[in-house]
Amino acid sequence: MKVNSEWNRERKIKFTIQDPCQIVRKSYGDAVAEDLRFVVRSVVGAENVIEMTPNKSNNYCCGGGGGFLQSGFTQGRHDYGRLKFEQIIATGADYCIAGCHNCHAQIHDLAHHHGAAYNTVHIWTLICLSLGILGPNERAYLGDDLKDVDVFHPETSLY
9 MKVNSEWNRE
19 RKIKFTIQDP
29 CQIVRKSYGD
39 AVAEDLRFVV
49 RSVVGAENVI
59 EMTPNKSNNY
69 CCGGGGGFLQ
79 SGFTQGRHDY
89 GRLKFEQIIA
99 TGADYCIAGC
109 HNCHAQIHDL
119 AHHHGAAYNT
129 VHIWTLICLS
139 LGILGPNERA
149 YLGDDLKDVD
159 VFHPETSLY
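At position 58 of the sequence shown the residue is numbered 66 (the working numbering), and the sequence of numbers has no breaks.
The reader is advised that the hints may include incorrect statements.
To be verified - Within a straight-line C-alpha distance of at most 30 angstroms, the following computed BS3-like cross-link-like pairs (lysine-lysine) qualify:
| id | residue 1 | residue 2 |
| --- | --- | --- |
| 1 | 22 | 64 |
| 2 | 155 | 64 |
| 3 | 20 | 155 |
| 4 | 34 | 64 |
| 5 | 20 | 64 |
| 6 | 22 | 34 |
| 7 | 64 | 10 |
| 8 | 155 | 22 |
Said to hold, decoys possible - Using C-beta positions, here's what the derived DEER-type ranges look like:
| id | residue 1 | residue 2 | range |
| --- | --- | --- | --- |
| 9 | 141 | 87 | 36 to 44 angstroms |
| 10 | 86 | 43 | 28 to 36 angstroms |
| 11 | 55 | 86 | 27 to 35 angstroms |
| 12 | 84 | 58 | 26 to 34 angstroms |
| 13 | 90 | 14 | 35 to 43 angstroms |
| 14 | 39 | 148 | 12 to 20 angstroms |
| 15 | 143 | 90 | 28 to 36 angstroms |
These are calculated hints, taken from the structure and not from any lab test. Heads up, the beta-carbon is just placed ideally off N, CA and C, and yes, glycines get one too.
Could you build the full structure based on these sequences and the hints that come with them?
Shown next as structure tokens:
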């Protein structure tokens, strides 16, 4: 099975990437950030990726990690995450891709809290979408512009 970005060629849906602190900033650095971008470009198309500034090892924390997401201090999370929210909005992207569950939950919550139009999506959701194996229950965080995407690969079909 091979991923592809054909499903987004005409849609031209724009994506930005959240570089998780525990993976990029505090652990493996720009090398893993580049690997993430290789995968993202492969599944959505390079022309549909809008980088946040700063990014990779210099990216801003979203405020969801380190136990803060589960702390119960919702207002504090929203205040801390404001910089990340503004960074995402500045890209104009339709989706923010998160490779970390805490980042996903925080960025999704920030959009809801501030009434933003962007959606938050896990990287593996986009990989499954591009492979044509994304199940109906896995489309919960997709916007209306992606819920109907049905990629069919005859070579991998069970029918």
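Structure-based check of all given hints:
The suggested pairing of residue 22 with residue 64 holds, with an alpha-carbon distance near 18 angstroms, which does not exceed 30 angstroms. With a C-alpha separation of about 29 angstroms, the suggested pairing of residue 155 with residue 64 holds against the 30 angstroms cut-off. Proximity of residue 20 to residue 155 is assessed by CA-CA distance (about 15 angstroms); at most 30 angstroms being required, the pair is judged to hold. Using a Cα cut-off of 30 angstroms, the hinted pair residue 34 and residue 64 holds, with the two alpha carbons roughly 11 angstroms apart.
A threshold of 30 angstroms between alpha carbons decides the hint, and for residue 20 with residue 64 the separation of about 24 angstroms falls inside it, so the pair holds. Proposed proximity of residue 22 and residue 34 is supported: the alpha carbons are some 27 angstroms apart, at most 30 angstroms. Proposed proximity of residue 64 and residue 10 is supported: the alpha carbons are some 26 angstroms apart, at most 30 angstroms. With a C-alpha separation of about 15 angstroms, the suggested pairing of residue 155 with residue 22 holds against the 30 angstroms cut-off.
Checked against the hint of 36 to 44 angstroms, the C-beta distance between residue 141 and residue 87 comes to roughly 39 angstroms, which is consistent with it. Between residue 86 and residue 43 the CB atoms are about 31 angstroms apart, so this pair conforms to the stated range of 28 to 36 angstroms. With their beta carbons about 33 angstroms apart, residue 55 and residue 86 fall inside the hinted range of 27 to 35 angstroms. A hinted range of 26 to 34 angstroms holds for the C-beta pair residue 84 and residue 58, which are about 29 angstroms apart.
Between residue 90 and residue 14 the beta carbon distance is about 37 angstroms. The supplied range of 35 to 43 angstroms therefore holds. Separated by about 32 angstroms at the C-beta atoms, residue 39 and residue 148 break the suggested range of 12 to 20 angstroms. For residue 143 and residue 90, the Cβ-Cβ distance of about 34 angstroms falls inside the hinted range of 28 to 36 angstroms, so the restraint holds.
Hint compliance for this structure: hint 14 is the single one not met.
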